[in-house]
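**Q** Sequence:
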Amino acid sequence: MQEEEFIEQLRAGNEWSELETDLLPEVRETLWKLAQKALRKQISKEYSVEKVRKFVGKINNGFDYWFTFVINPGVEPNNNRAERALRPHVVLRKILGALRNDKRTSIHERIMTTPATWGQNSLQMLTTKLTC
Numbered sequence: 007m008q009e010e011e012f013i014e015q016l017r018a019g020n021e022w023s024e025l026e027t028d029l030l031p032e033v034r035e036t037l038w039k040l041a042q043k044a045l046r047k048q049i050s051k052e053y054s055v056e057k058v059r060k061f062v063g064k065i066n067n068g069f070d071y072w073f074t075f076v077i078n079p080g081v082e083p084n085n086n087r088a089e090r091a092l093r094p095h096v097v098l099r100k101i102l103g104a105l106r107n108d109k110r111t112s113i114h115e116r117i118m119t120t121p122a123t124w125g126q127n128s129l130q131m132l133t134t135k136l137t138c
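Just so we're aligned: 94 in my numbering is position 88 of the sequence shown, and the numbers increase by one with no gaps anywhere.
It is possible that some hints are incorrect.
Derived lysine-lysine pairs resembling BS3-like cross-links, with alpha carbons at most 25 Å apart [as the list claims (entries may be wrong)]:
hint	residue 1	residue 2
1	K47	K57
2	K60	K43
3	K64	K43
For the record, the hints were derived by calculation from the structure and aren't laboratory data.
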């Protein structure tokens with residue numbers, strides 16, 4: 007598929023699933039820049055509603071990380087995999103109710119992120135630990 011044709015399909019509202027195919031890095035970068043330009047246009051507007059302004063601020067703060075999935079084929083367009091991996095730990099934290107301060111929460115998050123990441127990358131915890 008030609009770059010222009012693909013861009014027109016995206017502008018027409020077609021799904022991002024086409025990005026799962028092997029696109030040239032140059033095409034991915036062009037699409038990434040177009041997406042950033044479109045988002046920048048929306049967040050540069052003046053909004054009167056406070057909640058919208060806060061949301062625009064959050065988008066602005068992480069602007070460089072939006073649309074990473076366009077240039078990196080290994081990144082999903084949504085955060086579902088990461089959210090699913092963390093869900094059991096969030097439930098556990100809420101059941102225990104013991105993580106009521108920032109330090110305990112931070113320690114728990116760091117400890118539980120490592121095995122979750124290993125699991126996503128199909129690594130065995132013991133083997134990885136022994137080879138480090």
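**Q** Is it true that the CA of K60 sits at most 25 Å from the CA of K43?
**A** Holds, at about 20 Å.
**Q** Is K64 close enough to K43, meaning Cα to Cα at most 25 Å?
**A** Roughly 17 Å between the alpha carbons, so the hint for K64 and K43 holds.
**Q** Decide if the proposed pair is consistent with the structure: K47 and K57, CA atoms, cutoff 25 Å inclusive.
**A** holds (19 Å)
Every hint from the earlier list agrees with this structure, and none is contradicted.
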